[in-house]
Every structure is written in C-alpha cells, then in structure tokens.
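As you go down the protein sequences, you meet chains A and B in turn. Residues 1 to 348 (my numbering) are what the first sequence spells out, left to right. Residues 1 to 348 (my numbering) are what the second sequence spells out, left to right.
Hints may be right or wrong, so weigh each one.
Since copy identity is lost for identical chains, a pair holds within one copy or between any two.
[To be verified] Below are the SDA-like pairs computed for lysine to any residue, each with C-alpha atoms no more than 20 Å apart in a straight line: (1) K282 <-> H261; (2) K259 <-> R320; (3) K282 <-> Q226; (4) K282 <-> E260; (5) K282 <-> L223; (6) K259 <-> P318; (7) K282 <-> E228; (8) K35 <-> E65; (9) K4 <-> L223; (10) K259 <-> L321; (11) K183 <-> G141; (12) K183 <-> A308; (13) K259 <-> L223; (14) K282 <-> G227.
Derived from the structure by calculation, the hints contain no laboratory data.
Protein chains: 2
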Amino acid sequence: MSIKPILFENGELLLLDQRVLPVEETWLRYTDYRKVAEAIRNMVVRGAPAIGVTAAFGAALGAREIAAPNFDAFFTEFEQVCALLAATRPTAVNLFWALERMKVCAQSHRALPLAELKERLLAEALEIAEDDELINRAMGGHGAALIPDGGRVLTHCNAGALATAGYGTALGVIRAAVEAGKKVAVLADETRPWLQGARLTAWELQRDNIPVTLICDNMAGYLMSQGEIDCVIVGADRIAANGDTANKIGTYTVAVLAKEHGLPFYVAAPTSTIDLSLTSGKLIPIEERDRREVTHSGERQLAPDGVAVRNPAFDVTPARLITAIITEHGVARGDFLTQLRQLCNQGG
Amino acid sequence: MSIKPILFENGELLLLDQRVLPVEETWLRYTDYRKVAEAIRNMVVRGAPAIGVTAAFGAALGAREIAAPNFDAFFTEFEQVCALLAATRPTAVNLFWALERMKVCAQSHRALPLAELKERLLAEALEIAEDDELINRAMGGHGAALIPDGGRVLTHCNAGALATAGYGTALGVIRAAVEAGKKVAVLADETRPWLQGARLTAWELQRDNIPVTLICDNMAGYLMSQGEIDCVIVGADRIAANGDTANKIGTYTVAVLAKEHGLPFYVAAPTSTIDLSLTSGKLIPIEERDRREVTHSGERQLAPDGVAVRNPAFDVTPARLITAIITEHGVARGDFLTQLRQLCNQGG
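With the hints as extra help, turn the sequences into a complete structure.
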C-alpha cells in the first residue's frame, strides 16, 4: 500500500519530512498552525493536494487555539489563521481551495457552540484528507486505460502518494494501471533543483515495487528521440479554465518534447486543482524560490559565490500541448474550456 | 584574459582540476601519459578541444618514455600510447583527431634521430594547443556578428576557455561579441549531472566580468516562453558530415525548445570537431557514464539505494534544428553537407 505522508493522531499533525527523504524517514509533529505554515513554506510537505490537506489541518489546529466569545469574533481570528496559511506558497490552488472549504465549513456551522465547531473543523480536515485519497483512486480508475500495457512512462517531479494524502495523482494513475495487471516502467526526471523525482518518486515507486529508472531532466529528450518513452504523465499545481496547466518547473519543456516526438502528454489532477476563475495560464502566479536551492546541494557549493540565479518553481504548459486532463470525475480532452467546467460541476 | 586550463611547463603537463571548481583552483601535474589518460577519463579535463590538446600532450609524454632502437619499433609503441589515450572517451572526435595528427607528425619526421623526433612531437602538441586558441579567436571573429547587441544568450554545458586551450568555442563567440562592444547577458544551464554550467561556465564568465545568470536545465523552456532568451549557442563534441551535432546531454532538448520559440540555435566548433567520415549523427557513439554522477552530489546521496539510472553523457541534435555552425574558417548555414566539407578543406 502506498505511503500516507500526512497523518493526524492524538491531536497532533504528523508530516513525513520530505526534505530528508530518501536517506532518512523522519516524522515531524505539529500542534501550532504557525509551524504548519512554516512546514509548507519550507517544503517539509509539498505537492498541490498535500499542501491543501496540510493547510486544512493547520486551520483546524489554529481554530483550536482561538479564545473568542462568539462566532463572529471566532471567525475574524479564524480568517487570520487561514490568511497566514495561505501566504505560504502562491502557485498551487489546492491550498486556497482547502482553506476556503474550511471557512465555508465554519460558516455553515456558525450555530454550533464554539467547542463543537472546532471539532467539526477538525472533522472537515480529516474528511478532506480521506476524500483526497478516494479522489486519487477514482482518478486512477479513469486514467489507467490511457497507460499502455508494457508502456514506458515518463513523469516529472513527484505527483505521487507523497504529493497527496495517499496514492497520488499521476503516480496514482500508474498505480491503477499496475493494479489492473499492466506492465509499466516509469522513467523519473530527477527534477532540479529540489530533486523531487530522485528523492521522492524513485523512493515511493521502489517501495511499491513499480520499476523506475532515474534520469536527469535534460535526458528525456534524448530518450524520446531513441524511442524509449511511450507517454508522459504529470500532476498539476493549478489548471486554468482553458486547460493551461501550472506544474513543477520543467513540465513545459517535457510537453514541448512530447509534441516534437508525437507522444501523448497527460495531466492528472483533482478538480480542486482547477481554477475556473482564471481564463488562461498566463494569470497563474509563479513562485520564485531561494537561489540557494540552485547553488548548493546540502552544504556542498555547486556554483561560484555571488552568481546571479533564476529559480522559478513552476511553469505553465499551454492546453494545446496537453492530450488529456484526468480528474476524479472523468477525462477531459480537446475542448477543455467546456469539459473542465462540466467535470468541476459534477463535484458539486 | 580568459583562463588557460592546460599548460606545459618544465617538462610537465599542468591541468586545472575541473572536478573541484569553482570552490577550489587546483593544478595537477603529469609526466606519465597513463595518468593523463586517467585525467581525461575522470574529467579532470573535459570539453572536446581540451581533450584533444591534453591527449596530444599525453602522446608527447608517452613518446618521451619509449626506449626503441629505431623508428619502426618506436612507432609501434607510440601507437600503443595513442591507443590508450584514445580509449578514454568515445564521443568527442577531437581526441582521435589530435592523436592522428601526432601520429602523422611522427611519420612525417621518421628520418629524425629519435631524441629529436620526441622533441618534435612535444612541439607538435604545443602547436595544437596554440592553434586551438587562435582557432577559437577566429571562430569568435566569424560568430560575433550573430550575437545581437543587448542579447540574452543561453548556453548549455561549458564550451568556454575551460573546454579548450583558451578563449572557448561558444563562449569564445560571446567573448568576441563583448570585445566588439556588444552588451551580452548569458544564461547558463547548470548542466546536470556534472554541472559544467554551474561550476565552470558561471565561474569563467564571472571571472571575465561577463554577466551570467545560472538556471537549472529545466528552466530554459520557461524563460523562452517568457521572451527572456534571444538565442542559443553551444559547443560540440562531434559533428557529422550532414551537420548533425553531438554535444552534452540536454543540448537536443534546448534545440527543440529553440525551434518551438523561433529562436536561432548556433553551434560553435573548430573544424577538428567535424567528422566527415560519418554521414549522419546516428553513427556517433554516445558515452554512458557512471550512475553515481546522477545519484550523488559529492558524498551526498540524492536517490534511493539501488535505483536504476540512465546516464548518457551526450545527445545528437539533428541538423534541421541548427541555424548555423560557426567554425574558424567561417559560418555554415543551410546546406551543411556541402558547406562543412568546404570549411574543412580550407584548413588543408
């Protein structure tokens, strides 16, 4: 069974520290929502769905702290808790989606005594986490048919169990194909600078006995040119209404390469990743992270002192390069504008 | 003045150890050609022209050791010296070109007393090194016009002074553009797994006060999509008669991206990198290097134990993706088959 990187036990949030995998498996414990915000910012946890789930637990922990005389006073403080959690990372929309769901939950239960409301908010966070894994399994069910038997599938970054509450989005589709009896070999882009592919994707697939071969990001084009890749599947951090997809930096390059080689390029993401408020991917904010992620590997210096660095953490793949978007409600192809809206409404 | 990474002083070959740059500037000294072969294999020195120059000095050092009664006996042993030096790295043709030139030199001076012949071989190696820098400056003269004033130029790997006897091929063209008064900003792909861009290109450009910004390999596509790159220039390890170009892994991907964005893609290489014996790039042997280059950064483990790895060190960019090939004798465009042959003949 695939790993679950986010647990809630005995009133504490437990996060598997993704900064030190695969060499160490360390669980960190949180009761303070401010520390949860830091954990999101510092990438103890990462991956759009996992960030959403973690933020929901953070909001529930924050709610627990609030000493207010009535709902309105409570809600004002709760909004501040949510704002702090929201200010951690700008690109993945699941973060805002999950916090919005928590605020709606609070409003819907405004009549409850505050102690019970706080319990309800924790129950909501637990439900978001449970839903997430169910959603991923549904996505796997819809997507498995797209993975060819004997297929050699390239993935970028980690859209696996570690990026979610469990099972994974892109890797969930691969897991579902394997569970359906298909033979699948995964090629994992190492995914500089943070090496989610080398450290996380390789680790979780190896753990589940799914064959995985690690490559540097700049090798995928060569392997495609040699006929050694059959399709590409990635996750998403935010999908605009027209299908333009923000995902880990380098995804766009893989999509251009897939087009050049006539290979299908699939995105797997829950409908909570779809942001219908944005008409195009150009409107998705792209986080730039610290230069040290590029210039150092742990303590080892890789570049000369003081060199200028760019470190965008995401890029946007235009819809025209995407063969299909796999969600928990079905697969969108072609007319994303209409189909994504329909898929989102099925959730309602 | 740009650095010269290969020197010959007091009967010793000196190599700037490129494995430890930019953190350490260490010069290693060689008198034994077997150690020179190891230095090429272990990438103390790398870059097609630099490998050729180093091998020539290795051959001269090897010749010095040979105790033979006559030319034929000498030459038999000299061929073994050259074979050992040739067996270090398969892709860069300059290695074989330089060793061939040394053998031709020996044959041309077979009438000399052996002590004098050995001196002549050392003189030939010195000439190859001096020629290399002159060739790079000539290449710069031809190529500088292609670099736009105010241009933001992407380069991959290190085709700089450190990849040659001095001045560089692709970076030589950039240096020549700067010397001609143009404002040029370089974007350097870090170039996984060996990080020639981060460790070498950034270092040597910074040293020469040419603005350089370091990016991960998977960021170039994003920056192109944002209109932040104006052209691409790279070096080459071997160019087939039809213009197909083997260069550092990832070059092909950059070329596909350049095409997608309508950007010029230039290759700068001496005619000694052109292998007219190969009709197409498909025939160029591609070296696969040790998995540890991908799984570790120094002593730091980046991937789970035992994960499968691919590590091709080069890829082939088809001629159709190349705007122009800049050599010391001029610039080839379009009909590479005819033009490369003409440029090579001008050297004769």
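Going through the hints against the structure:
no.: 1; hint: K282 <-> H261; in the structure: between (25 Å within a copy, 17 Å between copies)
no.: 2; hint: K259 <-> R320; in the structure: both (10 Å within a copy, 17 Å between copies)
no.: 3; hint: K282 <-> Q226; in the structure: between (33 Å within a copy, 10 Å between copies)
no.: 4; hint: K282 <-> E260; in the structure: between (23 Å within a copy, 18 Å between copies)
no.: 5; hint: K282 <-> L223; in the structure: between (30 Å within a copy, 13 Å between copies)
no.: 6; hint: K259 <-> P318; in the structure: both (12 Å within a copy, 16 Å between copies)
no.: 7; hint: K282 <-> E228; in the structure: between (32 Å within a copy, 15 Å between copies)
no.: 8; hint: K35 <-> E65; in the structure: within (13 Å within a copy, 67 Å between copies)
no.: 9; hint: K4 <-> L223; in the structure: neither (32 Å within a copy, 35 Å between copies)
no.: 10; hint: K259 <-> L321; in the structure: both (7 Å within a copy, 15 Å between copies)
no.: 11; hint: K183 <-> G141; in the structure: within (16 Å within a copy, 55 Å between copies)
no.: 12; hint: K183 <-> A308; in the structure: between (45 Å within a copy, 17 Å between copies)
no.: 13; hint: K259 <-> L223; in the structure: both (14 Å within a copy, 19 Å between copies)
no.: 14; hint: K282 <-> G227; in the structure: between (33 Å within a copy, 13 Å between copies)
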